[in-house]
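Which chain is which? The protein sequence lines are R and D, in order. Note that my numbering numbers the first sequence so that position 758 is 758, with each residue one more than the last. Note that my numbering numbers the second sequence so that position 31 is 31, with each residue one more than the last.
Treat each hint with caution, since some may be false.
[Said to hold, decoys possible] Not close to chain R: a few residues of chain D, all C-beta gaps over 12 angstroms, as computed:
1. Met-1
2. Ser-2
3. Gly-15
4. Lys-68
5. Arg-78
6. Thr-84
7. Ile-91
8. Tyr-95
9. Glu-110
10. Arg-120
11. Pro-183
12. Leu-191
[To be verified] Residues on chain D that point at chain R, a partial pick, calculated with CB under 10 angstroms:
13. Cys-19
14. Pro-31
15. Asp-63
16. Glu-117
17. Ala-126
18. Glu-161
19. Ala-172
20. Arg-173
21. Ala-174
It should be emphasised that the hints constitute simulated quantities derived from the structure, not laboratory data. Note that CB positions come from ideal geometry on N, CA and C, so glycine has one too.
Here is what each chain is made of, one letter per residue.
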Amino acid sequence: MGDRVTNVRRVPTYCYQCVAGPDLLTVKVEDGVATEVEPNFKAADIHPAEGKVCVKAFGLVQKTYNPHRILTPMKRTNPKKGKGEDPGFVPVSWDEALDLIAAKLMEVRAKGLLDDSGFPRVAASFGGGGTPMSYMGTLPAFLASWGPIDFSYGSGQGVKCTHSEHLYGELWHRAFTVCPDTPNNRYVVSFGANTEAAAGVCGVYRHAEARGRGAKRVQVEPHLSVTGACSAEWIPIKPQTDAAFLFAMIHVLLHERRLDELDAPFLANHTSSPYLVGPNGFFLRDPHSRKPLVWDTGQDKAVAFDTPGIAPALEGRFRVAALEVGADDDHWSHADVVGVTSHTMLVEHVRSYTPDWAAGLCDVPAAKIRKVANEFLDHACVGDTMEVEGRTLPFRPVSISLGKSVNNGWGGYECCWARTLLACLVGGLEVPGGMLGTTVRLNRPATNRLDSVRPGEDGFMAFPWNETDREKWTSRPTGRNGHRMLVPLAANSPWSQALGPTHLAWAFMRDKPEHWPEATAPDVWIVYRTNPAISFWDTAAVTDTMARFPFVACFAYTMDETNHMADVLLPDCTDLEGLQLIRIGGTKFVEQFWDHQGFALRQPVVEPKGETRDFTWISTQLAKRTGLLEKYNAAINRGAAGIGLVGKAFDFSLDVTREHSVEEIWDANCRAASAEIGGEPRDLGWFKENGFLVTSFPRLDWYLFPTLVDQGLRFELPYQERLARVGTQLGNRLHESGIDWWDTQLAEYQALPKWKDFPGIWEKVLVKHGHRPEDFPFWLLTSRSMQYSWGGNVGVQIIREMAENIAGHNGVIMNAATARGMGIADGDTVEVASHINKVQGRVVLRQGIRPDTLLMIGQFGHWKTPFAKDFDTPSMNSLTPMDLDLTDATGSGADVVRVSIRRVGGPR
Amino acid sequence: MSRWGMVADLRRCVGCQTCSSACRHANATPPGVMWRRVVDMEAGDYPDVRRAFVPVGCNHCDDPPCTKACPSTATKKRADGIVTQDYDVCIGCGYCILACPYQARGKIAEPVAAYAEHGRIASEEARFDPRTIGVAQKCTFCVDRIDEGLAQGLTPGVDPEASPACVNACLARALTFGDLDDPVSTVSVLLARTPSFRMHEDLGTGPNIHYLWDHGT
Numbered sequence: 001m002g003d004r005v006t007n008v009r010r011v012p013t014y015c016y017q018c019v020a021g022p023d024l025l026t027v028k029v030e031d032g033v034a035t036e037v038e039p040n041f042k043a044a045d046i047h048p049a050e051g052k053v054c055v056k057a058f059g060l061v062q063k064t065y066n067p068h069r070i071l072t073p074m075k076r077t078n079p080k081k082g083k084g085e086d087p088g089f090v091p092v093s094w095d096e097a098l099d100l101i102a103a104k105l106m107e108v109r110a111k112g113l114l115d116d117s118g119f120p121r122v123a124a125s126f127g128g129g130g131t132p133m134s135y136m137g138t139l140p141a142f143l144a145s146w147g148p149i150d151f152s153y154g155s156g157q158g159v160k161c162t163h164s165e166h167l168y169g170e171l172w173h174r175a176f177t178v179c180p181d182t183p184n185n186r187y188v189v190s191f192g193a194n195t196e197a198a199a200g201v202c203g204v205y206r207h208a209e210a211r212g213r214g215a216k217r218v219q220v221e222p223h224l225s226v227t228g229a230c231s232a233e234w235i236p237i238k239p240q241t242d243a244a245f246l247f248a249m250i251h252v253l254l255h256e257r258r259l260d261e262l263d264a265p266f267l268a269n270h271t272s273s274p275y276l277v278g279p280n281g282f283f284l285r286d287p288h289s290r291k292p293l294v295w296d297t298g299q300d301k302a303v304a305f306d307t308p309g310i311a312p313a314l315e316g317r318f319r320v321a322a323l324e325v326g327a328d329d330d331h332w333s334h335a336d337v338v339g340v341t342s343h344t345m346l347v348e349h350v351r352s353y354t355p356d357w358a359a360g361l362c363d364v365p366a367a368k369i370r371k372v373a374n375e376f377l378d379h380a381c382v383g384d385t386m387e388v389e390g391r392t393l394p395f396r397p398v399s400i401s402l403g404k405s406v407n408n409g410w411g412g413y414e415c416c417w418a419r420t421l422l423a424c425l426v427g428g429l430e431v432p433g434g435m436l437g438t439t440v441r442l443n444r445p446a447t448n449r450l451d452s453v454r455p456g457e458d459g460f461m462a463f464p465w466n467e468t469d470r471e472k473w474t475s476r477p478t479g480r481n482g483h484r485m486l487v488p489l490a491a492n493s494p495w496s497q498a499l500g501p502t503h504l505a506w507a508f509m510r511d512k513p514e515h516w517p518e519a520t521a522p523d524v525w526i527v528y529r530t531n532p533a534i535s536f537w538d539t540a541a542v543t544d545t546m547a548r549f550p551f552v553a554c555f556a557y558t559m560d561e562t563n564h565m566a567d568v569l570l571p572d573c574t575d576l577e578g579l580q581l582i583r584i585g586g587t588k589f590v591e592q593f594w595d596h597q598g599f600a601l602r603q604p605v606v607e608p609k610g611e612t613r614d615f616t617w618i619s620t621q622l623a624k625r626t627g628l629l630e631k632y633n634a635a636i637n638r639g640a641a642g643i644g645l646v647g648k649a650f651d652f653s654l655d656v657t658r659e660h661s662v663e664e665i666w667d668a669n670c671r672a673a674s675a676e677i678g679g680e681p682r683d684l685g686w687f688k689e690n691g692f693l694v695t696s697f698p699r700l701d702w703y704l705f706p707t708l709v710d711q712g713l714r715f716e717l718p719y720q721e722r723l724a725r726v727g728t729q730l731g732n733r734l735h736e737s738g739i740d741w742w743d744t745q746l747a748e749y750q751a752l753p754k755w756k757d758f759p760g761i762w763e764k765v766l767v768k769h770g771h772r773p774e775d776f777p778f779w780l781l782t783s784r785s786m787q788y789s790w791g792g793n794v795g796v797q798i799i800r801e802m803a804e805n806i807a808g809h810n811g812v813i814m815n816a817a818t819a820r821g822m823g824i825a826d827g828d829t830v831e832v833a834s835h836i837n838k839v840q841g842r843v844v845l846r847q848g849i850r851p852d853t854l855l856m857i858g859q860f861g862h863w864k865t866p867f868a869k870d871f872d873t874p875s876m877n878s879l880t881p882m883d884l885d886l887t888d889a890t891g892s893g894a895d896v897v898r899v900s901i902r903r904v905g906g907p908r
Numbered sequence: 001m002s003r004w005g006m007v008a009d010l011r012r013c014v015g016c017q018t019c020s021s022a023c024r025h026a027n028a029t030p031p032g033v034m035w036r037r038v039v040d041m042e043a044g045d046y047p048d049v050r051r052a053f054v055p056v057g058c059n060h061c062d063d064p065p066c067t068k069a070c071p072s073t074a075t076k077k078r079a080d081g082i083v084t085q086d087y088d089v090c091i092g093c094g095y096c097i098l099a100c101p102y103q104a105r106g107k108i109a110e111p112v113a114a115y116a117e118h119g120r121i122a123s124e125e126a127r128f129d130p131r132t133i134g135v136a137q138k139c140t141f142c143v144d145r146i147d148e149g150l151a152q153g154l155t156p157g158v159d160p161e162a163s164p165a166c167v168n169a170c171l172a173r174a175l176t177f178g179d180l181d182d183p184v185s186t187v188s189v190l191l192a193r194t195p196s197f198r199m200h201e202d203l204g205t206g207p208n209i210h211y212l213w214d215h216g217t
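Please put together the full structure from these sequences, using the hints given.
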């Protein structure tokens, strides 16, 4: 076979199909045909995982040549939309397709960018974790030139992400996501974090290395995941009780171990533990400076927290004269009042959260909970230090990881708070070996999270809250999910809309709550690399809702369940065909911690198939046809495509008045990128040849702690005074607006979170809708698939072939003994029903799952996507209700649902 | 003379199947033909369960049953330990498939395409080898890479250009390749310091995939 090949090349490029990317690879091209993916061996020395490449990248060759691809623009001919309607797509020219879209967009500009409800008339939805950004070329520049766009319509956010961590993590330690300092870590307690499936190449590599040197990970989760399989111990906890386990761990450290075994100096000097709390639950403050007070044991008096040379008391009650500032206008002047240290408040708060208490809730023996807590402390090396690039830092090789459904919805706040607090108790937050944030998406700038640290109130980092005071509160939703109005923590960065309660944008179109603007459909909805008709909650309802959107433009790879509702399909060059330069390196989710930073190029490895077009060309055409070319070019010059073209020592800016070719645009970006990192300007040709360019990234920048020390700031833990105030003010504002349907969510704003009956919430929902909880006795969970997650690759044969080697990719996983008791045999056909829907599939019997739990891996249930529609694999997404009662204060919901299961037949 | 072998560290393997897909790419095997794959295994009963991922494939045995079963001499063992398969000589009788205790061999009777109803896609067409139809096939330890690498002065198991694709691709460094007769090769060092086993060792085939597994010891 090799004899007839005349020309063989290996072309460097990147894969960013999942949030754990990018991976650097080469593609072998034989006589113009892509045939083989390999790691880019030249990246072995600069990449955290020797330049290895995830299994998903090996699907790119078939992805390119998939015969089901849409290779020409199409327009809809059947005006009726719906699952049962044939769209009647017919091929059209690019001119006709772009004119159709441009005409709709110009109509919008003529009517005004906002509709009568105040919502943007143009909406856009993109896929998971920002990955489409690495494939959409200069589309961000077009979006920036347009004006307000509603990114409210979610396609999985909130229910499929670690939503609580995103918001609270950024508040507490600039941690959009959190992970261990794995190369230095020795002990991880993982509550369902599916690292080996979801943390990409770097996660797999780093944790394998950790296991190789004897690090221990305890996996606490209802089913034995891929990650559980790779852990030293599996603890099968009852679903939705993780907060109780974590609270009990705190109890053990505070009530069963001595204070001098914890990192008391860290608590006293680097957290708010010594801050005094007043009788109304707010910090006691100096009446003049309004700074929080601490009790100085040296002078035996209360002083402002930042008074030099003090020795703050960590524990105790002290009589002080102070000002207490509550929500809105509330304030109390105390001439003589008892102030309690935040640490003492904490100690008393967790007194009843004993391991024996948690055991009953979690269905885990108290001794096991106690053992994990003690191991956590015993591995923490409290008092040890490590030198990093000449700076001596605490060394605390312990961490706690939280998985998706522990980390969103009800209980997410409690779990995030508890795990971050546990790190503080041992001085292990943002230090070598300990628990680290990865990057920021709410704070700015996003390129290095340390640069986002600025002094804020009360000795904490500033945080860009959505304001809740009377003057600044956003009293009407600016987008259809109301992120600025309902979720102060969501901030208002370019990512914030997508991190709001994105399901509400869908849900309110069916059932608008009181005192909310009319839930209008967007005039134009743009969709790229996402399929919410499959990937969100209650997918049947989402599908019906999007069918009501008047004009939908989908960038389309193959037909799928969402673009079935489209009016125009635009076939873009896909992964191995397009051109784009992106940033790589530094620190980034999920476990990307590099000693380098720089840029990597994605380039046309092969000629584009059919009439597909480069995304940058499409974006330029849209800008031109809507009269926005000058603004679009200016946005590119500012860096909307990823790199600012003008720097202190360079100017590669484009002439804003004329149209530029794809190559011209990316050549300028390549030159600016190389100049930005201080090197000789490298042009597009150089990047095409070499693939990537990096410079060093300081190891010290992996850790936030030094930056806080340098700025004299503290971690905002344990006592959430600010959060409690914000919650009260938000409640005041909403009530003033007549809104009481968010009251349940307001209960989450607690200074010290209490255990609530989180599992019971699902039972109450069933009762509310007229059902008996005992009729839905199982917890249905899902689990990420490394082969599929975020990839948009369900139509790729080799991916299916690989995934089928992992148990459960073709059915519903169930405990074997439970099944036996119900007369269900392996491979039988079963029906799984929630109170809103039911699905059928084959059952896969395993030992590694709790008797009360079922598992459906990934997100399937396709009915339109070629190849995938023949899988016959059920998805939980059509069973999960979109319910306000299941929505937490951050606007997310846990990815679980109560279900029944019954045998309906033999093997399918 | 070298004696090539592989070490699979079961403490590291995460079952991602990257090795399997890299093998499919490097050897242009058709859908369903995985010379390297990773088996997802469970042992024990709830709640005392272990789950492990076990890479499997041809063991390039010291005393391979397949060569004895082969009536056509298509299957041979090289001096460096690699068990080869000559498609031009193989008559497709399948005896070797039955003889292999590792289920490492297979045969496809007809060409298989990823999207069957559409015929072979461009990448399949570019590398389609009609000689592979109707004959036995299996893992070769990427023998072509090894031979070409050695000819260039490279070291299999060290230099990726001279190493099996599955080893190059392994995210977890669970797969290691090298010369079992070289006491300082990575595979020899790993085997010297870590408990290991070989699959069906009692059959006396002398398999050359060694599994590192020190749990419970």
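Under 10 angstroms, Cβ to Cβ, is where Asp-63 of chain D needs to be relative to chain R, so tell me if that hint holds or is violated. Check failed: Cβ of Asp-63 of chain D comes no nearer than 29 angstroms to chain R, outside 10 angstroms.
According to the definition I'm using, a residue is off the interface if its beta carbon is farther than 12 angstroms from all beta carbons of the partner; does Tyr-95 of chain D meet that for chain R? Holds, because the least Cβ-Cβ distance between Tyr-95 of chain D and chain R comes to about 26 angstroms, which exceeds 12 angstroms.
Status of Pro-183 of chain D, Cβ more than 12 angstroms from any chain R Cβ: Answer for Pro-183 of chain D: holds, closest chain R Cβ roughly 21 angstroms.
Hey, does Arg-78 of chain D actually stay past 12 angstroms from chain R on C-beta? Arg-78 of chain D clear of chain R: closest Cβ-Cβ about 20 angstroms, beyond 12 angstroms.
Hey, does Leu-191 of chain D actually stay past 12 angstroms from chain R on C-beta? holds, 15 angstroms
Say whether it holds or is violated: Arg-120 of chain D keeps its Cβ farther than 12 angstroms from all Cβ of chain R. violated, 9 angstroms
Holds or violated: is the Cβ of Thr-84 of chain D farther than 12 angstroms from all Cβ atoms of chain R? Nearest chain R Cβ is 17 angstroms from Thr-84 of chain D, so the label holds.
Would you say Glu-110 of chain D is clear of chain R, with no C-beta pair closer than or equal to 12 angstroms? With a cut-off of 12 angstroms, Glu-110 of chain D remains clear of chain R, as the shortest Cβ separation is near 17 angstroms.
Test the statement that Met-1 of chain D is away from the interface with chain R: the closest C-beta pair must be farther apart than 12 angstroms. holds, 27 angstroms
Evaluate the condition: distance from the CB of Ser-2 of chain D to the nearest CB of chain R exceeds 12 angstroms. holds, 22 angstroms
Against chain R, does Gly-15 of chain D keep a CB gap of more than 12 angstroms to every residue? For Gly-15 of chain D, whose nearest Cβ neighbour in chain R is about 6 angstroms away, the distance does not exceed 12 angstroms, so it is violated.
Take the shortest C-beta to C-beta distance between Ala-174 of chain D and chain R; is it under 10 angstroms? With a minimum Cβ separation of about 7 angstroms from chain R (threshold 10 angstroms), the hint on Ala-174 of chain D holds.
In the structure shown, a violation is registered for the earlier hints numbered 3, 10 and 15, in ascending order.
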